[in-house]
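Going down the list, the protein sequences come from chains A and B.
Going by the UniProt record's numbering, the first residue of the first sequence is number 1, and it counts up by one from there.
Going by the UniProt record's numbering, the first residue of the second sequence is number 1, and it counts up by one from there.
It is possible that some hints are incorrect.
[What the hints assert, rightly or not] Pairs of lysine to aspartate or glutamate residues, derived as EDC-like cross-links and limited to a Cα-Cα distance of at most 20 Å, are as follows:
#1 A:K44 <-> B:D344
#2 B:K59 <-> A:E63
#3 A:K44 <-> B:D384
#4 B:K64 <-> B:E24
Just so you know, the hints here were simulated from the structure itself, not pulled from any lab data.
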Amino acid sequence: MAKTIQAPLPGTFYRSSAPGEPPFKSEGDAVAVGDTIGLIEVMKSFTPVVAEEAGTLLAFHVENEDAVMAGQPLYDLDA
Amino acid sequence: MGVTSIFIANRGEIAVRVIRAARELGLRTVQAVSAADGDMLAARLADATALVGPAHATKSYLNKEAVVRAALEAGCDAVHPGYGFLSENAEFAEMVEAAGLVFIGPKPETIRQMGDKARARQEAQAAGVPTVPGTEGVVADLDTARVEAARIGYPVMIKAAAGGGGRGIRVARDEAELATLFPQASGEARAAFGDGGLYLERFIGRARHIEVQVLGDGERAVHLFERECSLQRRRQKVWEEAPAACLTNEQRAELCASAVRLAERVGYRGAGTLEYLFDDVTGEFFFIEMNTRIQVEHPVTEMVTGIDLVRAMIRIAMGEPLALRQEDIVLRGHAVEARICAEDPTADFRPSPGTVTGLTLPGGFGVRFDTLLYAGYTVPPFYDSLLGKLIAHDETRAAAIVRLDRALGELKVEGLPTTAPLHRALAADPAVLAGAVHTRWLEEWLAATPLVAPVSPVPATSA
């Protein structure tokens, strides 16, 4: 069943660890509990977004380097 | 060149500071804003605002083309870069000038020259300014690094020629560590700065950070004495003072004269700061780098000299010769600045953006608060955590610290945690009161003296 995972923090969302690096996850990838999905930068401090549920990543709602608010939809997971 | 209208290519408290100085000079101000900053204090105070891009700084405040275009479209004839962002970007300064606008800062070639640490060091030596024992220029390879490190003496610091803000710095305690760290640092520097060039210098473990403020008009330069900024966390300054109480008058005179020599040698234009390490055991000082911009902590210098540095740099950019003679600049009293940040000092300085639900500002004689805060403002999560700088000035250092503590007690920011409790603890600490600190003192003190969260009052319950 598809569900939408929300941003835990407000900030800037990154899909990879550094510019030019491959994304942590792409659409269609399998997700295990504890996998890093992306990073959220809050005032120059980086916090990983870690999967709390396993499944298949269906789609991202935000692009790399987009501003996100806490509670905003981040990605859809087919759990 | 006639300047009537300034474009402020920055945000936060420094944008507010520049707007105030410009307005006192009768100049119009246009504030750059990202999509996240439309309601910041500087946007409310400026005569007009101009959108420069989305929230992410690389797409707005760091987007050189967008900033220059917005300045032109807004009808401005000068650009003030503030600190951080594009303030020390020589290419940006060139683009501003190529667009027919005045860059309020040094000449682009000076930014480039002093931004390259190896070149800055050569200039310092040529001006007779002491530098930390180290390599002359970039080290070609590991074999050369081994020979040089043996000459300089371990421990040695490995620094990226294009680095800054503490990035790209490693310390090797011996030759084995050097062999491991040198190639790593080179690869990282290439990835981070597009330039793998490295140099080596002696690591001075217990140093004070002392810096000299200068103003120049391209030909003549003066100093406005020094600041001490030894209280740092993760190489970020936390608390700054002017003057540096640890210096004798002879040391102060020698240090400040050396800064003027270097500023005049490079034809410095505008406000700049020369940073030094000071070893208070030997009394030696060593030039480390020059910041070619106005600095966060400039108010402590303004308080002890009575000179408005931001106004002075705008006037110089407008083509006026330096109005100050060295003998007119006199030190009066002592000033202390506490950086108030949106971070929780009881939770490992976790960033804490959010909405300011209530605000009580400190005031009274000798107290100044340069801030971006107003009641109801939502501090966005996208930028630096600095909320404001609380500055106290008094006749003596001891009195200035008492006054700072009094002002900190009046400051109330509701809705989000700030670093104010850290500053109250520092203002009461015997080592801070004695001025017995060095650049690693604060991190050691924090490890030994963790701040605890205040216990929330238990609400009265009625059965």
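To see whether the hints hold, each was checked on the structure:
1. A:K44 <-> B:D344: holds, 14 Å
2. B:K59 <-> A:E63: holds, 14 Å
3. A:K44 <-> B:D384: OK: K44 of chain A and D384 of chain B at ~7 Å, within 20 Å.
4. B:K64 <-> B:E24: Given pair K64 of chain B, E24 of chain B is violated - Cα atoms ~28 Å apart, limit 20 Å.
In summary, the structure is inconsistent with hint 4 from the numbered list given earlier, while agreeing with all the others.
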